[in-house]
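FYI, in the working numbering the residues of the sequence shown are 1 to 133.
Rather than coming from a laboratory, the hints here were simulated on the basis of the structure.
One thing to keep in mind: the hints can contain errors.
Using C-beta positions, here's what the derived DEER-type ranges look like [stated by the list, open to error]: (1) L113 / L9: 31 to 37 Å; (2) A8 / Q44: 20 to 26 Å; (3) Q25 / D125: 30 to 36 Å; (4) V10 / I71: 32 to 38 Å; (5) F126 / S58: 18 to 24 Å; (6) T70 / E11: 22 to 28 Å; (7) D42 / S122: 21 to 27 Å; (8) Q44 / S122: 34 to 40 Å; (9) T70 / D125: 29 to 35 Å.
Simulated crosslink set (PhoX-like; lysine-lysine; CA at most 25 Å straight-line) [said to hold, decoys possible]: (10) K55 / K40; (11) K64 / K120; (12) K59 / K120; (13) K40 / K64; (14) K40 / K120; (15) K55 / K118; (16) K118 / K40.
Every residue, glycine too, gets a C-beta built ideally from N, C-alpha and C.
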Amino acid sequence: QDFARAAALVEPYCDAIDLNLGCPQRTAYLGHFGSYLLGKEDRQLIVDMIRAGSKAVSKPIFVKIRLLDTIEDTLELCHQLRDAGASLIAIHARYRASWERTSAGARDGPAMLDQVQKIKESMPDFPIISNGN
1 QDFARAAALV
11 EPYCDAIDLN
21 LGCPQRTAYL
31 GHFGSYLLGK
41 EDRQLIVDMI
51 RAGSKAVSKP
61 IFVKIRLLDT
71 IEDTLELCHQ
81 LRDAGASLIA
91 IHARYRASWE
101 RTSAGARDGP
111 AMLDQVQKIK
121 ESMPDFPIIS
131 NGN
């Protein structure tokens, strides 16, 4: 309900509400926010946030995410966000960084735009935008 109250508070002053679930930084890891809310263990929380926010305001709700471990997981998340009331999803086409940073992470290499393309193809009537690169 905090997200819904915050959305209602700013609604008169904006054109859309954006929930940034894309932050990959270590502070987000330590504070358990940003892209570290994208795991299945927090999925119901973010879906409930979007659902409550979209009911509380008439402005569109946008959500920024990062890629999950598999394209199937990212697709599932996108469908859940859309079904909860998101009006647009921006995908930063990189994975969130691990704490140890032993593999490709938040800023390594080019964005994986092919995954954004696959998601867009599977959701042709829903706004998906690419972010990053």
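Results of checking the hints against the structure:
Between L113 and L9 the beta carbon distance is about 35 Å. The supplied range of 31 to 37 Å therefore holds. Between A8 and Q44 the Cβ separation comes to about 22 Å, which falls inside the hinted range of 20 to 26 Å. Taking 30 to 36 Å as the suggested C-beta distance range, the pair Q25 and D125 conforms, at roughly 34 Å. The hint said 32 to 38 Å for the Cβ distance between V10 and I71, and at roughly 33 Å that hint holds.
Between F126 and S58 the CB atoms are about 19 Å apart, so this pair conforms to the stated range of 18 to 24 Å. Take T70 and E11: their Cβ atoms lie about 35 Å apart, and the range 22 to 28 Å is violated. Range check, D42 to S122: about 23 Å between beta-carbon atoms, so the 21 to 27 Å window is met. Judged by the Cβ atoms, the range 34 to 40 Å given for Q44 and S122 is violated: they are separated by roughly 22 Å.
Separated by about 23 Å at the C-beta atoms, T70 and D125 break the suggested range of 29 to 35 Å. At most 25 Å may separate the alpha-carbon atoms for a hinted pair to count; K55 and K40 meet this at roughly 23 Å. The suggested pairing of K64 with K120 holds, with an alpha-carbon distance near 15 Å, which does not exceed 25 Å. Proximity of K59 to K120 is assessed by CA-CA distance (about 23 Å); at most 25 Å being required, the pair is judged to hold.
For the hint linking K40 to K64, the alpha-carbon distance of about 17 Å falls within 25 Å, and the restraint holds. Distance restraint check for K40 and K120: the Cα-Cα separation of roughly 22 Å lies within the 25 Å cut-off, and the hinted pair is therefore satisfied. For the hint linking K55 to K118, the alpha-carbon distance of about 29 Å lies beyond 25 Å, and the restraint is violated. At most 25 Å may separate the alpha-carbon atoms for a hinted pair to count; K118 and K40 meet this at roughly 21 Å.
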